[in-house]
Structure formats: structure tokens, C-alpha cells
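Asker: As a plain string of letters, each chain reads:
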Amino acid sequence: DAMVIQNPRYQVTQFGKPVTLSCSQTLNHNVMYWYQQKSSQAPKLLFHYYDKDFNNEADTPDNFQSRRPNTSFCFLDIRSPGLGDAAMYLCATGRETRANRNEQFFGPGTRLTVL
Amino acid sequence: AQSVAQPEDQVNVAEGNPLTVKCTYSVSGNPYLFWYVQYPNRGLQFLLKYITGDNLVKGSYGFEAEFNKSQTSFHLKKPSALVSDSALYFCAVRPGDSNYQLIWGAGTKLIIKP
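Protein chains in written order, with my numbering: chain V, 1 to 115; chain D, 1 to 114.
Take the hints with a grain of salt, since some may be wrong.
In silico DSBU-like links for lysine-lysine, alpha-carbon gap of 35 Å or less [claimed, not checked]:
no.	chain 1	residue 1	chain 2	residue 2
1	V	K52	D	K58
2	D	K22	V	K38
3	V	K17	D	K113
4	D	K22	V	K44
5	D	K109	D	K69
6	D	K113	D	K77
7	V	K38	D	K113
8	V	K38	V	K52
9	D	K69	V	K38
10	V	K38	D	K49
11	D	K22	D	K69
12	D	K77	V	K17
13	D	K58	D	K22
14	D	K22	D	K109
15	D	K77	V	K52
16	V	K52	D	K49
17	D	K109	V	K44
18	D	K109	D	K49
19	D	K58	V	K44
20	D	K49	D	K77
21	D	K77	D	K22
22	D	K69	D	K113
23	D	K22	V	K17
24	D	K77	D	K109
25	V	K38	D	K77
26	D	K113	D	K58
27	D	K113	V	K52
28	D	K113	D	K22
29	D	K49	V	K17
Some but not every residue of chain V turned toward chain D, in silico, with C-beta under 10 Å [what the hints assert, rightly or not]:
no.	residue
30	V4
31	P8
32	Y33
33	Q41
34	D51
35	F54
36	N55
37	C91
38	Q104
39	G107
Hints are computed from structural coordinates only; laboratory data are not their basis. Here a beta-carbon is modelled for each residue, glycine too, at the ideal position from N, C-alpha and C.
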């Protein structure tokens with residue numbers, strides 16, 4: 001089945017130690033998103049790739065970076081995790097054009113713990 | 001400012017009764033409207049959407065939602081609730097302006113009691 005895969009499902013890191021979360025998709029969608037979600041709150045968009053174009057949200061800290069080496073993969077890098085970065089990180093994909101916006105498909109998420 | 005409101009933090013319904021989860025919005029242009037469901041420690045699952053056309057849209061798991069333009073609402077409904085419907089529900093709206101991403105409601109926890 002076509003899907004959005006996130007690895008690992010659970011990640012534990014130490015304060016200040018860089019961490020990378022990965023997302024892959026078999027849907028061949030052109031847009032990929034990274035969200036941060038804390039304790040049953042609404043997801044907060046960090047950034048997204050529209051094809052190869054990177055779009056950063058204005059309030060996303062510089063500590064968060066992303067890479068999309070090809071259509072299928074997208075990575076979230078947290079350069080120096082703080083305790084406040086502990087959260088669920090959700091990857092989502094969408095098939096979109098400028099004129100047509102569709103639903104997003106979410107991966108299962110990676111729960112990040114910062115010690 | 002553009003916003004989406006889910007006025008109820010939690011909704012409690014007895015199994016077999018109809019359920020409604022409310023969503024209202026204030027956005028520019030003709031919006032795209034979505035409902036997502038999230039089970040514990042899982043990602044979000046798409047339930048249904050309204051883009052254009054018939055105001056009543058049907059989605060997964062027997063859910064439906066009605067778009068009301070005059071009341072700027074998009075309430076989620078189901079005629080007969082199941083215990084397995086217990087989850088966190090999010091309404092999300094995309095303003096008609098193509099520069100905007102999804103605006104999310106705060107979520108409503110739905111509890112279905114046997």
C-alpha cells in the first residue's frame with residue numbers, strides 16, 4: 001500500500017545533541033510537510049517543500065532544518081535539541097498544484113524525547 | 001486574523017447516539033475545509049473534505065460534514081456513534097488565497113461511552 005513512513009517511531013536524544021528524523025513516501029506526492037505536535041494540541045507547521053522549493057514558516061526556530069534529497073525522502077534536522085523540543089514530529093505529504101489543494105496524508109509520527 | 005474554532009474541548013456521547021463535533025472558521029476567500037482524526041500515539045488520518053459542490057460531504061467510517069457558508073461552519077456528524085470513534089478530531093481550513101497553508105482548530109476529544 002502507498003504510504004508515508006517515518007523512522008524512527010521513538011527517538012531519545014540528549015540536550016544539545018543533534019538528531020535527524022526521516023520521512024519517506026511511496027505516494028509520489030509533490031509536497032512534503034513537517035509538523036510539530038505537543039500533547040494533543042493542534043499540529044504546528046514547521047516548513048514544507050513544494051517540489052524542490054523549501055518554504056519555512058516565519059516562527060520556526062533556526063534550530064530546525066530540513067532536507068529533501070529527492071521526491072520520496074525528507075529529513076528533519078534538529079541541530080541542538082532543547083527540552084522544549086520534545087514533541088511528536090509528523091511528516092505529511094500532499095499532491096497539489098497552485099490552483100488545487102488536496103488533503104494531506106500523514107505518517108505515524110516520531111516521538112522525540114530530550115533528556 | 002484568520003482562525004478556526006472548535007468550541008468544545010471534549011464531547012461525550014453514548015454509543016448508538018448521534019454525534020456532532022463543531023467547527024467554525026474565519027478565513028479569506030472560498031476555503032477548503034478538512035476533518036482529520038487522531039488516535040492515541042498515531043498520526044492524523046484524513047476523514048473528509050469540502051472543496052466545492054454539495055454542502056453535505058461524506059467521508060470515512062460513516063462520518064459526514066455539512067458546509068454552511070452563511071454560518072461559516074463545517075460541523076462533523078455521525079448518525080450512530082461507536083466506541084471505536086473515540087479519538088481526537090481536528091478541523092482544518094485552507095483559505096482561498098493560495099499563499100496560505102492549513103489553519104488548524106485546537107482539536108476536540110470525542111469520548112463514546114458504551
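Asker: None of the hints should be skipped; say for each whether it holds.
Answerer: Hints versus structure:
For the hint linking V:K52 to D:K58, the alpha-carbon distance of about 34 Å falls within 35 Å, and the restraint holds. Between D:K22 and V:K38 the alpha-carbon distance is near 22 Å, which keeps this suggested pair within the 35 Å criterion. At roughly 44 Å between alpha-carbon atoms, V:K17 and D:K113 are farther apart than 35 Å, so this suggested pair is violated. Only pairs whose Cα atoms come within 35 Å are accepted, and D:K22 paired with V:K44 is accepted, the gap being roughly 21 Å.
At most 35 Å may separate the alpha-carbon atoms for a hinted pair to count; D:K109 and D:K69 meet this at roughly 25 Å. With a C-alpha separation of about 17 Å, the suggested pairing of D:K113 with D:K77 holds against the 35 Å cut-off. Between V:K38 and D:K113, the direct Cα distance comes to roughly 26 Å. Compliance with the 35 Å bound is thereby established for this hinted pair. Proposed proximity of V:K38 and V:K52 is supported: the alpha carbons are some 28 Å apart, at most 35 Å.
Taken as a hint, the D:K69 and V:K38 pair is honoured in the structure, with Cα atoms around 32 Å apart against an allowance of 35 Å. Straight-line distance between C-alpha atoms of V:K38 and D:K49 comes to about 25 Å, which keeps the hinted pair within the 35 Å bound. With a C-alpha separation of about 14 Å, the suggested pairing of D:K22 with D:K69 holds against the 35 Å cut-off. Between the alpha carbons of D:K77 and V:K17 the distance comes to roughly 45 Å, so the proposed pair goes past 35 Å and is violated.
Annotation: proposed proximity of D:K58 to D:K22 holds, straight-line Cα distance about 16 Å (limit 35 Å). Restraint check for D:K22 and D:K109: satisfied, since their Cα atoms lie roughly 11 Å apart, inside the 35 Å limit. With a C-alpha separation of about 38 Å, the suggested pairing of D:K77 with V:K52 is violated against the 35 Å cut-off. A threshold of 35 Å between alpha carbons decides the hint, and for V:K52 with D:K49 the separation of about 27 Å falls inside it, so the pair holds.
Under the criterion of a C-alpha separation no larger than 35 Å, the hint pairing D:K109 with V:K44 is consistent with the structure, at around 18 Å. With a C-alpha separation of about 20 Å, the suggested pairing of D:K109 with D:K49 holds against the 35 Å cut-off. Taking the CA atoms of D:K58 and V:K44, the gap is about 27 Å. The hint holds against a cut of 35 Å. A distance of roughly 13 Å separates the Cα atoms of D:K49 and D:K77; the hinted pair therefore holds under the 35 Å criterion.
Distance hint between D:K77 and D:K22 is fulfilled; the C-alpha atoms sit about 9 Å from each other, no more than 35 Å. Pair hint D:K69 plus D:K113 holds up; C-alpha atoms about 32 Å apart against a cutoff of 35 Å. Taking the CA atoms of D:K22 and V:K17, the gap is near 42 Å; set against the 35 Å cutoff, the hint is violated. Among the hinted pairs, D:K77 with D:K109 is consistent with the structure: their alpha-carbon atoms are about 14 Å apart, no more than 35 Å.
Restraint check for V:K38 and D:K77: satisfied, since their Cα atoms lie roughly 26 Å apart, inside the 35 Å limit. With a C-alpha separation of about 24 Å, the suggested pair D:K113 and D:K58 falls inside the 35 Å cut-off, and the hint holds. Between D:K113 and V:K52 the CA atoms are separated by roughly 47 Å; this puts the pair beyond 35 Å, and the hint is violated. Of the pairs offered as hints, the one joining D:K113 and D:K22 holds, with about 19 Å between alpha carbons and a cut-off of 35 Å not exceeded.
Proximity of D:K49 to V:K17 is assessed by CA-CA distance (about 40 Å); at most 35 Å being required, the pair is judged violated. Annotation: V:V4 was flagged as interfacial toward chain D, and the flag holds, the nearest CB pair being 8 Å apart, inside 10 Å. With 10 Å as the threshold, the beta carbon of V:P8 stays out of range of chain D, its nearest partner Cβ sitting at about 14 Å, so the hint is violated. Checking V:Y33 against chain D by beta carbon gives a least distance of about 8 Å; that is within 10 Å, so the hint holds.
Because the beta carbon of V:Q41 sits about 7 Å from the nearest beta carbon in chain D, less than 10 Å, this interface hint is met. This hint is violated: V:D51 has a C-beta 15 Å from the nearest C-beta of chain D, more than the 10 Å allowed. With its C-beta approaching chain D no nearer than about 14 Å, V:F54 sits outside the 10 Å limit, and its interface hint is violated. Below 10 Å, beta-carbon pairs count as interface contacts, and V:N55 has one with chain D at about 8 Å; its hint therefore holds.
Annotation: V:C91 was flagged as interfacial toward chain D, and the flag holds, the nearest CB pair being 8 Å apart, inside 10 Å. The interface hint given for V:Q104 holds, since its Cβ lies 7 Å from the closest Cβ of chain D, which is under the 10 Å cut-off. Because the beta carbon of V:G107 sits about 5 Å from the nearest beta carbon in chain D, less than 10 Å, this interface hint is met.
Hint compliance for this structure: hints 3, 12, 15, 23, 27, 29, 31, 34, 35 are broken, all remaining hints hold.
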